[in-house]
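There are 2 protein chains.
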Amino acid sequence: MMMLENLKKFNIILASKSPRRQDLLKGIGIDFQILTKDVDESYPERMSVFEVAPYLSVKKAKAFEENELPDNYMVITADTIVVVDDKILGKPKDADDARRMLRLMSGKKHSVITGVTILTKEKSKTFSVTSKVSFDVLDEEEINYYINNYKPMDKAGAYGVQEWIGYIGVNYVEGSYFNVMGLPTQKLYQMLKCF
Amino acid sequence: MMMLENLKKFNIILASKSPRRQDLLKGIGIDFQILTKDVDESYPERMSVFEVAPYLSVKKAKAFEENELPDNYMVITADTIVVVDDKILGKPKDADDARRMLRLMSGKKHSVITGVTILTKEKSKTFSVTSKVSFDVLDEEEINYYINNYKPMDKAGAYGVQEWIGYIGVNYVEGSYFNVMGLPTQKLYQMLKCF
Numbered sequence: 007m008m009m010l011e012n013l014k015k016f017n018i019i020l021a022s023k024s025p026r027r028q029d030l031l032k033g034i035g036i037d038f039q040i041l042t043k044d045v046d047e048s049y050p051e052r053m054s055v056f057e058v059a060p061y062l063s064v065k066k067a068k069a070f071e072e073n074e075l076p077d078n079y080m081v082i083t084a085d086t087i088v089v090v091d092d093k094i095l096g097k098p099k100d101a102d103d104a105r106r107m108l109r110l111m112s113g114k115k116h117s118v119i120t121g122v123t124i125l126t127k128e129k130s131k132t133f134s135v136t137s138k139v140s141f142d143v144l145d146e147e148e149i150n151y152y153i154n155n156y157k158p159m160d161k162a163g164a165y166g167v168q169e170w171i172g173y174i175g176v177n178y179v180e181g182s183y184f185n186v187m188g189l190p191t192q193k194l195y196q197m198l199k200c201f
Numbered sequence: 007m008m009m010l011e012n013l014k015k016f017n018i019i020l021a022s023k024s025p026r027r028q029d030l031l032k033g034i035g036i037d038f039q040i041l042t043k044d045v046d047e048s049y050p051e052r053m054s055v056f057e058v059a060p061y062l063s064v065k066k067a068k069a070f071e072e073n074e075l076p077d078n079y080m081v082i083t084a085d086t087i088v089v090v091d092d093k094i095l096g097k098p099k100d101a102d103d104a105r106r107m108l109r110l111m112s113g114k115k116h117s118v119i120t121g122v123t124i125l126t127k128e129k130s131k132t133f134s135v136t137s138k139v140s141f142d143v144l145d146e147e148e149i150n151y152y153i154n155n156y157k158p159m160d161k162a163g164a165y166g167v168q169e170w171i172g173y174i175g176v177n178y179v180e181g182s183y184f185n186v187m188g189l190p191t192q193k194l195y196q197m198l199k200c201f
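Going line by line, the protein sequences match chains A and B.
Just so we're aligned, residue 7 is where the first sequence starts under our numbering, counting upward by one.
Just so we're aligned, residue 7 is where the second sequence starts under our numbering, counting upward by one.
Fair warning: there could be bad hints in the mix.
Where chains are identical, the list cannot tell them apart; a pair therefore holds if satisfied intra-copy or between any two copies.
What the hints assert, rightly or not - Derived EDC-like pairs: lysine to aspartate or glutamate, alpha-carbon spacing no greater than 20 Å straight-line:
| # | residue 1 | residue 2 |
| --- | --- | --- |
| 1 | Lys129 | Asp29 |
| 2 | Lys114 | Glu180 |
| 3 | Lys99 | Asp46 |
| 4 | Lys93 | Glu57 |
| 5 | Lys129 | Asp100 |
| 6 | Lys97 | Asp160 |
| 7 | Lys138 | Asp37 |
| 8 | Lys199 | Glu147 |
| 9 | Lys68 | Asp92 |
| 10 | Lys115 | Glu180 |
| 11 | Lys127 | Asp100 |
| 12 | Lys199 | Asp100 |
| 13 | Lys65 | Glu147 |
| 14 | Lys199 | Glu47 |
| 15 | Lys15 | Asp44 |
| 16 | Lys138 | Glu180 |
| 17 | Lys131 | Glu11 |
No lab work stands behind these hints: they were computed from the structure.
It should be emphasised that the depicted structure is a prediction, and the values quoted were computed from it without experimental measurement.
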């Protein structure tokens, strides 16, 4: 049984390779398929950090628009970035880069911003959600243990809040926890309910 | 490999039947066994709501003390309560009671308090962590869908934040997310590190 009756006419596509994001969309209780397209994830250099995630979600959605979406299709795209000291942390290049990022976030607050775009043939909606996350002071042993055992190279900011480092290091979240994992499920549910 | 070298001399016991709490302790990365004892979970009527969870965690720990804990054993106990409008919500009696609780929390903030006690032959430590959780307005259809499909009768406050109702209904957490699930992992890790 699916709660959102208004979505029954759509074949829903989630355009994301992230298994975390796939689990989060499953958590809302809707049926969907996965279909991703290669998108250049660059953004204008002078863009405000708060505009980047929604901008990239629109870019990912446009890859579908160009191929003429059939009537009964809905595409959901998302992009998550980590912002610390007004700078964006992307995915780390290697273990040293991951170490640098975790040292940077140790003992302070950072922001996690997810931009989401919902696209059908008729219309599109884009929104973003920001959560604040605070790490307690992480020592070198903890940072090395995490990087060696969890290899967070596929994660913006070099960490997964649902992994060991989140259990032992995050002392505070302000906002949506699922947004920190990669998808603001509650806001997305509300947007889909009224789409 | 286990990070907390100082715990290697202990056989750790988690005194909790909750599979969520067991998963959360696993998430910290320590080895433990499960052993529970029956404890009367009543508390003094006029006790401040903030004292109840730590009081009950001490009561659960005392069930072990009486049986003379061996030198190399460490017991961890915990109790989680939900407080809304200065009243404690326990586990719901039935579906109607669960409906009452979810209606009460709909569209507002409540507190989730977990009390934890760590006990060895030499010493014991007790602490508690409070998180605030905000539910968006839940409609009757959503409340009924959740209760029928998830049967949250084993959960204080009649909900699991990691279940459907948490995905679609919780718009805000302030504090530790894992504490809302039943164990404040980060604070517990810090307490164990310095035990």
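Hint-by-hint comparison with the structure:
For the homomeric pair Lys129 and Asp29, neither the shortest alpha-carbon distance inside one copy (26 Å) nor that between copies (42 Å) is at most 20 Å. Taking CA atoms no more than 20 Å apart as the test, Lys114 paired with Glu180 passes in both settings, with 13 Å inside one copy and 16 Å between copies. In the homo-oligomer, the alpha carbons of Lys99 and Asp46 lie at most 20 Å apart inside one protomer (17 Å), although the nearest pairing across protomers, at 54 Å, exceeds that limit. Proximity of Lys93 and Glu57 under a CA criterion of 20 Å is satisfied intra-copy only: 13 Å inside one chain copy versus 42 Å between copies.
In this assembly of identical chains, the alpha carbons of Lys129 and Asp100 never lie at most 20 Å apart, being 40 Å within a copy and 44 Å across copies at closest. Taking the closest pair of Cα atoms, Lys97 and Asp160 come within 20 Å of each other only inside a single copy of the chain (6 Å); across copies the shortest separation is 40 Å, beyond that limit. For the homomeric pair Lys138 and Asp37, neither the shortest alpha-carbon distance inside one copy (30 Å) nor that between copies (31 Å) is at most 20 Å. Within a single copy, Lys199 and Glu147 get their C-alpha atoms only as close as 46 Å, which misses the 20 Å cut-off; across copies the closest is 13 Å, which meets it.
Proximity of Lys68 and Asp92 under a CA criterion of 20 Å is satisfied in neither setting, with 28 Å inside one chain copy and 49 Å between copies. Taking CA atoms no more than 20 Å apart as the test, Lys115 paired with Glu180 passes in both settings, with 10 Å inside one copy and 13 Å between copies. In the homo-oligomer, the alpha carbons of Lys127 and Asp100 never lie at most 20 Å apart, since the shortest distance is 40 Å inside one protomer and 45 Å across protomers. Neither within a single protomer nor between protomers do Lys199 and Asp100 lie at most 20 Å apart by alpha-carbon distance, with minima of 41 Å and 29 Å respectively.
Taking CA atoms no more than 20 Å apart as the test, Lys65 paired with Glu147 passes in neither setting, with 39 Å inside one copy and 36 Å between copies. Taking CA atoms no more than 20 Å apart as the test, Lys199 paired with Glu47 passes in neither setting, with 29 Å inside one copy and 41 Å between copies. Proximity of Lys15 and Asp44 under a CA criterion of 20 Å is satisfied in neither setting, with 27 Å inside one chain copy and 52 Å between copies. In this homomeric assembly, Lys138 and Glu180 come within 20 Å of each other (Cα to Cα) both inside a single copy, at 5 Å, and across copies, at 9 Å.
Taking CA atoms no more than 20 Å apart as the test, Lys131 paired with Glu11 passes inside one copy only; the shortest distance there is 19 Å, against 51 Å between copies.
Of the numbered hints stated above, those contradicted by the structure are hints 1, 5, 7, 9, 11, 12, 13, 14 and 15, listed in ascending order.
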